[in-house]
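> If you want the building blocks of each chain, they are given just below.
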Amino acid sequence: MSTTMSTPTATDAMRKRTRLFMIGAFLVAAIAFGVIAASGINQNLVYYWTPTDLTKAGDKAYGATIRLGGMVAPGSIQKHGGSAVAFEVYDGGSRVPVRTSTVPPQMFRENIGVVVEGTMVRGGYFQSNRLMVSHNNEYKAPEKGHTMDQKQLRKMIEASDPAKQD
Amino acid sequence: MAQLGRILILASLLASAAGALLGFAAGRTRSLDGLKWARRFAYLYCALIMGAALLMEYALLKHDFSVSYVAQVGSTTVPTWVTIVSLWSSLEGSILFWGFVLGAYILVATFLTRGQYAEYQPDAIGVWLSCAAFFSFLIAGPANPFITMPNPPLDGPGPNPLLQNHVLMAVHPPFLYLGYVGMTIPFGFACAALIKGRLGHGVLKPLRESLMLPWIFLSISIMLGGWWAYEVLGWGGYWAWDPVENASLLPWLTATAALHSIMVVERRGILKGWTITLVQASFLLVLLGTFMTRSGVFNSVHSFTQSAIGPTILGFLAAALVFSIALLAFRIDKLEVEGRIEGAASREAMFLVNNLLFVLLTFTVLIGTVFPLVVEAVKGKQMSVGRPYFDSMVVPVGAALLFVLGVGPALPWGRATRAQIKKALLPPIVTGVVFVIVGYLANVRAPWTLITLGLGGYAAHVTLKEMFLPMFQRMKRGDTVAAAFVEGQLRRGRRRFASYIVHACVVIAFIAIAVSSSNRQTTELHFQKGQTQQASGFDLTFLGVEERQEPHRASTVAKFAVSRNGKQVATLEPRMNHYERMREPIGSPDVYTTAAGDLYISLSNIDPAVETASVTVFASPLVVWIWISVIVMGLGALFGLIPARRERAAREAKEALAVDTTPETA
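Residue numbers (this note's numbering), protein chains in the order written: chain W, 1 to 166; chain V, 1001 to 1666.
Watch out, some of these pointers could steer you wrong.
What the hints assert, rightly or not - Listing some non-contacts, in silico: residues in chain V with all C-beta distances to chain W over 12 Å:
# : residue
1 : F1371
2 : P1388
3 : L1426
4 : G1566
As the list claims (entries may be wrong) - A short list of chain V residues far from chain W (calculated; beta carbon distances all over 10 Å):
#  : residue
5  : F1024
6  : S1031
7  : Y1043
8  : F1291
9  : A1326
10 : T1364
11 : R1387
12 : Y1389
13 : N1519
14 : H1526
15 : S1604
16 : L1622
17 : P1643
Claimed, not checked - Simulated restraints, written as ranges between beta carbons of each label pair:
#  : chain 1 : residue 1 : chain 2 : residue 2 : range
18 : V       : G1315     : W       : F26       : 30 to 38 Å
19 : W       : A86       : V       : G1315     : 43 to 51 Å
20 : W       : A38       : V       : R1040     : 51 to 59 Å
21 : W       : A38       : V       : D1607     : 45 to 53 Å
22 : W       : A38       : V       : P1447     : 22 to 30 Å
23 : W       : G124      : V       : A1609     : 46 to 54 Å
24 : V       : V1337     : W       : A30       : 45 to 53 Å
None of these hints come from the bench; they were simulated from the model.
Backbone N, C-alpha and C fix where the C-beta goes; we use that ideal spot for every residue, glycine too.
Whole structure, please, built from the sequences with the hints as guidance.
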């Protein structure tokens, strides 16, 4: 198992070249990994937005994956055939129409905090494939005429059950 | 009682700080008396911190609400098992429990290494007790559970309902802590080796064994976490790349890499600095994981509150990082290199590839986990990295690891001839092809799953052949099967047998994970009472709704009869649990498990008045094999840790191994 180090200079030079080659290969691999990882992250970002953010963003909102949080606006829930539901999410400032194809969870009703994940589509509504009811017990409905605390709202979006990402 | 607790914690802080200083001083002066005293302080620390944790457990069981932590999580209405596990159900208690586990580890490690490794032990004790001092400080200050309540309440709210929802939540945290905290011990040995500038054979054994034990616990805890998510969260899966899950996976990846590179150090005397770096990284990632789960930077089921604890842990993480890097920078040159890698087709080269893949995985997961935090800190924008990133990055690297797992053990150490390599690498391909064909016939179509099956079959062939090599060699020499099995597998070469058991379980786990995720069927159904509908080859009949009362919760249960080919096989009862403390109910799925696959019903909506229910039905093949393989893997690794009866026997076994496996000693 012992190694003999008394090798002629020719193999020494060769070993040096191999070593340089190894380092080069390693660097190339590391850079490739960095590029792949960066683009992978970039394509799969999920933004946490409130209806106010979404309205402000205008055209930029189209296409990106967004987790939108707010309250179910009173009187806005419409059942379509099957499990499809349409409603509006508001935060006192702005309203965003949402359409979702999934069965709404047990607690879904008016004036409850919800988080929907999906994308803004050109038809002018938010197409969602996930609907979560906020489990935040301290959550309060906004008083009339006041906008909801955006900070608190963001916290709710962040706290929405991340395990159900499917 | 609260005051006694505070005194114990402060005393443990003093004992650990004094012991740490003594340890480092004794390491410097090589004073045996100093070492003796450092050891005594280590024992004292362990007694004090474990006493404090037991005192808290006593206060919980006695429902002494004058202790702040009991008032916070205790309740007279919950079952006793919930009261016992309340110790680790909330932030302050869980850090006290951390202290308890750390005390137990330091006690055992100090006791088992007494009188040996005199070169490394003082510094190792110094490092362990420094960590201990930090956690005692945390318990004494920001996370103090022993505050006296001026007006003790008559009853408390009980622990977080999500934690009461399933018994797995009672066992998952202890395993996680045994895994997490245990990484302190190999970290101590690694730092001691750097301080001494020598990673000789003397310290390799305690380093390897003290890394193996927490690795076993961490493996099982990761599995338990996935199993809990599967049984409780109701989305039909077990792994979502949630930051909390990633936090437990990261140190496991580096520790697995380190367990492999240690073998290269043992055999070849190379990769010493690399191995030490991996061990240190495992401990640092444990601290990072603790920070991520305990500070509330990610709000999820596991992060309980926001408090001063986060910044304190972050400060300690920074200090440990600087300490590790400084030690590496100043000392890594002192570690002597005793050999080199002979060729690309050798076992040590495969070990190196394995290590690079594990590090690649670690970076992939780390970047995806930490990126949103960095963006939020810098730009104030909130976001997360979606699951497809992790899946698309991790699956190919995982397949490459499975490839190395198959090829590595087939190749000999050092140089091998072309004929040897061909003979070792070609036959297993047949098994790989067989696995792919069987998979294809069983409706597997996803390319990555078929690749996994092929590589898994290859690896299974190599693993089984290598596993029973000593036994077959004895049988060739005329031993009976039983005698050859006992001598070749159980008494000698235990470590070898154990490591191939682990490999075999990894192959099973890989296949089960791949097949269960690619061949899962999901059906959404809406039921009226008495209605029967089909899902994935099963007939489901909705029998109706039942309301149930338990002391700590009320449940609305939907009853389903499950039958296959006209024969009833199970009754499933997915339910909504209502806890007093929570406004919304928590859904709880129910699972019918068979060796071939699971039928999983999750309730999305139930109306008790008219007895209708909306459910999602998941049929996932092979899921149960994930849990089984990880449990067997842990048991197998544990078997490998059983010491030989006498040191002499161990030496003999080593010689026998060297003779037995002739191609390996080329």
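> Hint by hint, note whether the structure agrees.
Hints, verified against the model:
1. F1371: Label violated. Min Cβ-Cβ 6 Å, cutoff 12 Å.
2. P1388: 5 Å, violated
3. L1426: L1426/V is indeed farther than 12 Å from all Cβ atoms of chain W, at 27 Å.
4. G1566: 29 Å, holds
5. F1024: 36 Å, holds
6. S1031: About 36 Å separates S1031/V from the closest Cβ of chain W, which puts it past 10 Å; holds.
7. Y1043: Holds, since 41 Å exceeds 10 Å.
8. F1291: For F1291/V, whose nearest Cβ neighbour in chain W is about 17 Å away, the distance exceeds 10 Å, so it holds.
9. A1326: Label holds. Min Cβ-Cβ 24 Å, cutoff 10 Å.
10. T1364: Non-interface label fails for T1364/V: nearest chain W Cβ at 6 Å, not farther than 10 Å.
11. R1387: Non-interface label fails for R1387/V: nearest chain W Cβ at 5 Å, not farther than 10 Å.
12. Y1389: Violated, since 4 Å does not exceed 10 Å.
13. N1519: 15 Å, holds
14. H1526: 8 Å, violated
15. S1604: 5 Å, violated
16. L1622: At about 19 Å from chain W, L1622/V clears the 10 Å cut-off, so the statement holds.
17. P1643: The assertion about P1643/V holds, with a minimum of 25 Å to chain W.
18. G1315/V to F26/W: 30 to 38 Å: 34 Å, holds
19. A86/W to G1315/V: 43 to 51 Å: Given about 50 Å between the Cβ atoms, the range holds.
20. A38/W to R1040/V: 51 to 59 Å: 53 Å, holds
21. A38/W to D1607/V: 45 to 53 Å: Once the Cβ atoms are compared, 48 Å apart, the range 45 to 53 Å for D1607/V and A38/W holds.
22. A38/W to P1447/V: 22 to 30 Å: 25 Å, holds
23. G124/W to A1609/V: 46 to 54 Å: 37 Å, violated
24. V1337/V to A30/W: 45 to 53 Å: For A30/W against V1337/V, whose Cβ atoms are near 23 Å apart, the range 45 to 53 Å is violated.
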